[in-house]
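Asks: Single-letter residue listing:
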Amino acid sequence: MADITNQSLNEIIENVKTKKVSSTDLTKAYIKNIESAKKLNAFVTTTFDQALDKAKQFDNKPNFDQLLPGIPLAVKDLFCTENTKTTAGSNILNNFIPSYESTVTKNLWNNGSFLLGKLNCDEFAMGSSNETSHYGNVINPVGDQLVPGGSSGGSSSALAADLTPATIGTDTGGSIRQPASFTGTVGLKPTYGLCSRWGIVAFASSLDQAGPMTKTIKDCAIMLESMSGFDDKDSTSISKKKEQYSKNLKDNIKGLKIGIPKEYRVDNMPKEIDELWEKGKKILKDLGAQLIDISLPHTKYALPTYYIVAPAEASSNLARYDGVRYGYRSKQGKDLIEMYEKTRSEGFGDEVKRRILIGTYVLSSGYYDAYYLKAQKVRQLIKKDFDDSFTKIDAILTPSTPSSAFKIGEKTNDPVSMYLNDIFTVPANLAGLPALSMPAGVDKKGYPLGLQLIGKVLDEQKILNIGYAFEKNCGFKNEIKKWWS
Amino acid sequence: MSLDKEKIKHVAKLARISVDDAKVESLTKDLNSIFKFIEQLNELNTDKVEPLTSILNQSLRSRKDEISDGKIREKVLKNSPKENEEFFVVPKVVE
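Protein chains in written order, with my numbering: chain A, 1 to 485; chain B, 1 to 95.
Think of the hints as simulated: they come from the structure by calculation, not from any bench. There could be a bad hint or two in this list.
Anything over 10 Å on all C-beta distances counts as not near chain B; from chain A, calculated [what the hints assert, rightly or not]:
1) Thr236
2) Gln244
3) Lys282
4) Glu338
5) Thr391
6) Ile408
Calculated lysine-lysine pairs in the BS3-like style (CA-CA distance at most 27 Å, straight line) [said to hold, decoys possible]:
7) A:Lys342 - B:Lys13
8) A:Lys257 - A:Lys279
9) A:Lys250 - A:Lys233
10) A:Lys85 - B:Lys78
11) A:Lys334 - B:Lys82
12) A:Lys85 - B:Lys71
13) B:Lys64 - A:Lys233
14) A:Lys472 - A:Lys445
15) A:Lys247 - A:Lys19
16) B:Lys13 - B:Lys92
17) A:Lys38 - A:Lys56
18) A:Lys377 - B:Lys48
19) A:Lys85 - A:Lys281
20) A:Lys342 - B:Lys29
Glycine included, every Cβ here is placed at the ideal spot set by N, Cα and C.
Bound-form chain B, shown alone (with noise of 0.2 Å):
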C-alpha cells in the first residue's frame, strides 16, 4: 500500500493539522517509508490469535459514582488562551 499525497491531506483533515503544500512532498516520503516498516507485520499470521487488551490480566477497577472534587473553576480556567469570566472562549460558532 502507498499513501499519495491525496491520502496525507485528508488524514492531515481528520486530525485537525494544516499542512503546507510545500510540506506535503516530504511528508508522504517519510509516511510511506514509515508504512514499509509497519508492514512487516503481514508476514505474520494471526488469524487465531487474540489481541492483547491488558498487560497485567486485570480488570479496570470501578469507584464509587460520587463527587470528589469542584469549585475549581479558577485554576480549570487559569491557563485557558482567551478566557471569558467564567467560559472558554473559542472563535464565532453559531451566526
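Bound-form chain A, shown alone (with noise of 0.2 Å):
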C-alpha cells in the first residue's frame, strides 16, 4: 500500500482494523522514517525493539476494540515511562530511569497502543522554541533551521514529519498549542484537571496540563479520549463520566455564539495573523455561527501573572533535584551545601537557572505579598474576564501565536522576546480552559499558522466540534516536502 505514514491516525487505526496493515508493519514504516531524519533530532530516546516486540504480540492476538489497537506513539520525554529512560529535556535527569508509569501514558497503552520513543523537549518545559534542552536544538520539518516552537518541540517536529501517528505534550503556557501552530498541526490542552499530572515531570502545577498533538480534529478526540480521566494518585483530577469525544464528534455548529475578545489584536502584530484571524471568523460565520465582540479586560496582564506564577511554582517543584536520590551528582563540592550547589549548577541549562532565581525571589521573605500574592489576585480577574464573557458565548476565537515559526538562535539573547510568543495561549492556563490550536493557513514564507479556540471549564466537545467545522470548511493542507531524509 501506499506510504501508510502520512496519513491521520483514525484512517491508520481503520487500516490495522480492517487488516490492510499490520502492527509491525506500521511499526517498521515509522522506525524507517525516525532512522531516516536523525537530522530533525525529535527524538531523545527509541524503543524500537520493545515497540516491535508490543507489535508482534498485538498481531498474534488482535484487539480490534480498543480505541488504540496496535498503534506505536513516540511521547514528549517529559512523560516518566516505567524501565525507560524520562530526561525532561534536562542534564540533571540524563541517567533518570523511572521504576513508574504516569497515569496519562499507561491510558494509552491500555488503550492499544505502545511505545516507539521519547521526544526531545525545553528543559523542564520551559521554552518556546525547543532551544532549552540540553539534547541539543528541534528542528521543525517545515524548514531547516526553524525552530518547531516549544516546550513540546520534538513533539511538534515528529509528528508534522510523519515519525509518529500522533503524540502526546504538556501546557504550561502554550507548550502544546505554539508548537502546533508552528508546524501546521492540531494540539489540545484540555481543562486543567482533566487528564492526570501523575508521573509527569512537575514544572508548575496549578498550570501543567497534558494533552494530545495530532493531523487532524478527529485524532486528537480520539487521543483525549484515551489519555483522559479520572485518577486518585492526581490531587486535583476532575473526577466525571468519561466522554466519548471522537464518537460525539459533529460538525454542526449552527446558531453558536463564538466570542471575538479585542484585547487580542496586539500592538506590531503581523497584517498576515490579523488576516487569518478575519479568515477564520468569516468561516464559522458562513457555518451558521453568530459571532460576538467581548472584552478581556485583563489580557495584557495574563504573560506578567504567568511569570510570577509558574517561576514560584517551578522553583518549589525542581527543588527536589538535589543530586542525592536520584539524577545526575556533581563531582566536586566538599560538603553537603556545595555538592547542592554545584550538582544544580551544572546540572540545569540557563533558562532553568533565571527562572528558579525568578521564582525564588519572588517567594522570599518580604517579597511574597508583592508579588506571588499579587499575581494570584490578577490571576482572579483573568478568570472572571472570562467567566463573565461566558454567559453570553460558546467559545472563544483568537490567534495562536503573535508570529509564525522563527529561525533558531533569533530571539535567544531576549526573554522577554521569546516570552512574548505565548501571549494568546498563557490566559487559557491561568483560567484552567481547554484551548485548541488547529491549522487555518501561511504566511507570505508558506510557514503554518493557527487559530485558537478556547472553550468553557470541560467543554472539549464543544471546542472539538468547531475545530471540526471547521477543518473541513477551511482547505488547509499541510505541504511538508521531506527534505531531511
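Combine both chains into one complex, guided by the hints.
Replies: As C-alpha cells, then:
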C-alpha cells in the first residue's frame, strides 16, 4: 500500500482494523522514517526493539475493539515511562530511569498503543522554541533552521514529519498549542484536571496539563478520549464520567456564539495574523455561527502574572533535584551544601536557572505579598473576565501565536521577546480552560499559522466540534517536503 | 525595583545554585528586564480582590490514612547516584 505514515491516526486505525496493515509493518514504517530523520533531532530515546515486540504481540492476538489498536506512539520526554529513560530535556535527569509509568501514558497503553520513543523538549518544558533542551535544538520539518516551537518541540516536529501517527505534549503556558501552530498540526490543552498529572515531570503544578497533538481534529478527539480520566493519584484530578469525544464529534455549529476578544489585537501584530483571524471568523460565520465582540480587559496582564506564578511553582518543584536520590550528581563539592550547589549549577541550563531564581526571589521573605499574592489576585481577575464572557458565548476565537515559526537563535538573547510568543496561549492556562490550536493557513513565507478556540471548563467536545467544522471548510493542507531524508 | 549583583548572589544561595562571577553580569541584566515586565501588575489595584487558589472551586479530596504500597526499597534506591545497600549516601555532614 501507499505510504501509510502520512495518513491520519483515524485512517491508520481503520487500516489496522481491516487488516490492510499489521501493527508490525506499521511500526517498521515509522522506525524507517525515524532513522532517516536524525537531522530533525526530535528523539532523545528510541525504543524500537520493545515496540516491535509489542507489535508482534498485538498481531498474534489482536484486539480491534480498543481505541488505539496496535498503534506505536512517541511521547514527550516529560512523561515518566517505566524502565525507559526520562530526561525532561535536562542534564540533571540524564540517567533517570523511572520505576513507574505516568497515568496518561498508562492510559494510552491500556487502549492498545505502545511506546516508540521519547521526544525532545525544552528543559523542564521551559521554553518556546526547543532551544533550551540539553539534548540539542529540534528542527521544524517546515524548513531547515526553523524552530518547531516549544516546549513540546520534539512532539510537533515528529508529528509533522510522520515519525509518529499522533503524540502527546504538556502545556503550562502554550507548550502544546504554539508548537502545533508552528508545524501546521492540531494541539489541545484540556481543562485543568482532565488528564492526570501523576508521573509527569512537574513544572508549575497549578498550570501544567497534558494533551494530544495530532494531524486532524478527529485524531485529537481519539487521543483525548484515550488519555484522559479521573486518577486518584492526582489530587486535582476531576472526577467525572468518561466522554466519547470521537464518537460524539459533530460538524454542525449553527447558532453557536463565538466571542471575538478585542484585546487579542495586539500592537505590532503582523498583518498576516490579522488576516488569518478574519478568515477564521468568516468560515465560522458562513457555517452559521454568530460572532460576538467581547472584552477580556485583563489580557495584557496574563503574561506578567504567568512569569510570577510559573517560576514560583517551578522553584519549589525543582527543589527536589539535589543529587541525592536520583539524577545527576556533581563530582565537586567538599560538603553537602556545596554538593547541592554544584549539582544544580551543572545540572540545570540557563533558562531553568533564571526561572528558579525568579521564583526563589518572588517567594522569599518580604516579597511574597508584592509578587506571588499580587499575581494570584490578578489571576482571579483574568479568570473573572472569562467567566463574565462565557455567560453570553459558547467559545472564543483568537490567533494561536503572534507570528509563524522563527529561525534558531533569533530570540535566544532576549528572554522577554521569547516569552511574548505565549501571549495568546497563557490566559487559558491561568484560567484552567480548554483551548485548541488548529491549522488555519500559511504566511507569505509559506509557514503554517494556527487559530485558537478557547472553551468553557470541561467543554472540550464543543471546541472539538467547532474545530471539526472549521477543518472541513478551511482547506488547509500541510505541504511538507521531506528535505531531511 | 532593581536587582543588583549582590542580591542575585543571595537569591542563588537560597536556591542552592552556584553562579560563576562571570555569569552574574548577564543574569542581572536578564532578571532586571524580566522584573520590569512583571511589574506591570503594579498598575492594577487589587486591594479588594481575593487571590485565586483553585481553578475548579473544589476542595482537595482526602483519602483514608492507610498504607497503600511499600516494600519497594530497591526501586526507590535504584536511581540514586551513590548507594550503599539501604541508604542514600551524601558527603560527610557530622564530624
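Asks: Hints first: check each against the structure and report whether it holds.
Replies: Tested hints:
no.	hint	in the structure
1	Thr236	violated (7 Å)
2	Gln244	holds (22 Å)
3	Lys282	holds (33 Å)
4	Glu338	violated (8 Å)
5	Thr391	holds (16 Å)
6	Ile408	holds (19 Å)
7	A:Lys342 - B:Lys13	holds (11 Å)
8	A:Lys257 - A:Lys279	holds (17 Å)
9	A:Lys250 - A:Lys233	violated (33 Å)
10	A:Lys85 - B:Lys78	holds (13 Å)
11	A:Lys334 - B:Lys82	holds (15 Å)
12	A:Lys85 - B:Lys71	holds (23 Å)
13	B:Lys64 - A:Lys233	holds (13 Å)
14	A:Lys472 - A:Lys445	holds (24 Å)
15	A:Lys247 - A:Lys19	holds (22 Å)
16	B:Lys13 - B:Lys92	holds (20 Å)
17	A:Lys38 - A:Lys56	holds (26 Å)
18	A:Lys377 - B:Lys48	holds (9 Å)
19	A:Lys85 - A:Lys281	violated (44 Å)
20	A:Lys342 - B:Lys29	holds (23 Å)
Against the hints set out earlier in the document, violations occur for numbers 1, 4, 9 and 19.
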